[in-house]
Amino acid sequence: MTVSQITVAEALADLLDLDETTLTPETLFEEIDGWDSVNALRLLVFLERETGGKLDYNAYMACKSLGDLAALEVQPVAVAS
Amino acid sequence: MSDFQSIDTTNARPLSRLARLRQLRREGFGETADALRALLAEMTSPVDLDAAGGLLAAKGLPEQLASVPGFREQRIAVLGSSTLDMVPNLLRATLIREGILPRTLTTDFNQWHMEIMTGAPNLAAFQPHLTLCLLDEEAVFDGVLTPHDVDALDTRCKRFAEELADWAQRCQQLAGGRVVLSTVPLSRRRAGHLLDYAGKARLSAAWARMNADILELSERVEGVSVLDAAILSETAGICHAPDRMRQAAGHAFAPEFLTAYAEEITRLARADLGMVRKALALDLDNTLWGGVVGDAGVGALALGRMWPGTPHHELQTLARSYAAQGVILTICSKNDDDVARGALKNHPEMVLTGDDLSMISANWEPKAQNLKAQAKTLNIGTDAFVFMDDHPVERGAMREFCPEVLTVELEEDPSAYASELATCGAFNLIRLTDEDRQRTELYRAQADRAEAAVGVSLEDYLRTLDTRIVVEPLGVLNVTRITQLFGKTNQFNLTHVRYSEIALQDGTRRTYGARLSDRFGDSGLIAAITLVDQRDGSTNIENAVLSCRAFSRGVEETVMSMVLTDALHRGRTHVTGRYVPSPKNGRCATFFKDMGFVPAGDGWRHDLGDILVVPDWINATEQE
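Going line by line, the protein sequences match chains D and R. Residues in the first sequence are numbered consecutively from 1, following UniProt numbering. Residues in the second sequence are numbered consecutively from 1, following UniProt numbering.
This is chain D alone, in the form it adopts within the complex (with noise of 0.2 Å):
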């Protein structure tokens, strides 16, 4: 499973009150107004809750735009059953 861009668009315009129709696949981050390393950990955090896995951490930092975010792959968190 990958993150999708829905789920990129909506949690960046959660987080920054963003307008969403603005964020496209090509959006790159450095374009975003208020994006800073903070703010890189916090969508981190609150991809991680909303997709329920795990994203790697260095996959996750070299992310240039929205699109190269989508694409990542979710690993999934072991349950104990």
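Do not rely on the hints blindly, as some may be mistaken.
[Stated by the list, open to error] The following label-pair restraints were derived from C-beta to C-beta distances:
id	chain 1	residue 1	chain 2	residue 2	range
1	D	GLN75	R	ALA191	24 to 32 Å
2	R	PHE401	D	GLU30	51 to 59 Å
3	R	ILE502	D	ALA71	53 to 61 Å
4	R	ALA35	D	GLN75	37 to 45 Å
In short, the hints are calculated from the structure, not lab data. In this text the structure is predicted, and so the values were computed from the model without any measurement. Built from N, CA and C at the ideal position, the CB exists for glycine as well.
Take the given structure of chain D and dock chain R to it, following the hints.
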């Protein structure tokens, strides 16, 4: 997978709470911001609260909220030894939820020590009401070269507690306001450096002594409070940050822990501002005892030290502790009056007695109506009440008709009732005073007075009360109570200027308190006034407050007569004062006029010519 499950439901998804918050922001919060507070109350996850706090920091929003009636502003500085980016956001969300609008200041990463050692340049300019200092174990281990050397750790723990004591004292002096410290939790990762169980035990002992020393600062240093991180961890279910966040971002504490911390700080901020609840209204059937007394009879009730009576026994014991610390207990029950009173009186395992209960409303009227009547008799606001009832319909009705009452949410199983009440923190205080300890008695006397007042003229009645008023200057014994009175009093509060204990003692004003007693009992310190002598020969009344339990008894006239006479004797030319209207202080709108003041500019003035006399039913004295 069936066909039904593959249907695309994207469009049907309900808006997330954050999306609703953004929508509310666009539409405006309305006059009371109740919808905003209710939405924040629904949020429990740290992720949501952090994001909500971030959204609420946006440009223009704090100003918009500052104009909402009833919202109080609070300046809060956040210091720490780890990354605490989330804390200001979490605080904003949890404080706004409780009617407090924070302005926060954070210092750079790990600058907690440096800021104070350099004379607190940032804090002094910010003038915080609260300075929070949340330290993690690295602040202790920073001073240790060999993390497995138990002797070195033992020495370091002792030294750290001393350093922190010194730090807290300086911080309080430099920043003013209240300083809030926390104990430092030890992680299993750090404890795991030691291999032998004797060594592990020694480290834990040294660590516990250090935390005990830190906790003692709340007794030793004026203006310092200390939170126990172990209890916050129990609330959160987790203490330290996930390893990845610790490594990558310098986080020491888990988001859940920081949320529990923000919620506890919110309770403390409310207590510091005097925004405390005063009364607990309890249901009887299936709340204070198991079963319905009207159906089953007193003998069949579940109450006592054996299951299924234990949850109710535990709740009654807790309520009794609260009563002993000044919470007014009342009963709101749908029952016949004699049946309810009979059960309270006759059940052998009843913990609460008639002495603990200030009022009992057992009838078939709506509970909101009963609670309003109780508030009126006790002369407190309905917003000072907490309501506990096992029945969801009763809780819903109370929320509907009295949203200002704090209705405790309960699960069906009564096992957790006492825990729910004990952890909601609605009655938390900074420090207990003698008045708090005696309050149950005071309010029962108030209910008795209300009964005695039926059928005679007010003045005749007042003459029978044998009222004594003693006016005393500010001192170490009354400063806590006077601060509390300025903080908590809403109805008779002329200017809404509030003070910290430190501000009252800084020598810029003269402060007096007044005590009231009568034949029904001692009402304690019920009024306070602050006076500032001006260069032009006048004396200005900066603020005056009067507890609602002392209304309409001539206390205002007595105190004002003494203030004016004193000003005359000290050779002052005139006394000035101001009335600043608020949603609740309408009853003092005519105060200055009634006391013989004349309008002057935007305030009032008394030229000390015709000073009103102390009412003849009051015996007033001054204490040096």
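Do the Cβ positions of GLN75 of chain D and ALA191 of chain R conform to the proposed distance bound of 24 to 32 Å? holds (30 Å)
Honestly, do PHE401 of chain R and GLU30 of chain D meet the 51 to 59 Å range at C-beta? holds (53 Å)
Consistency of beta-carbon spacing, ALA71 of chain D to ILE502 of chain R, with hint 53 to 61 Å: Roughly 57 Å apart at Cβ, these two residues keep to the hinted range, so it holds.
Tell me if the beta carbons of ALA35 of chain R and GLN75 of chain D are separated by a distance inside 37 to 45 Å. holds (39 Å)
The earlier numbered hints are all upheld by this structure, with none contradicted.
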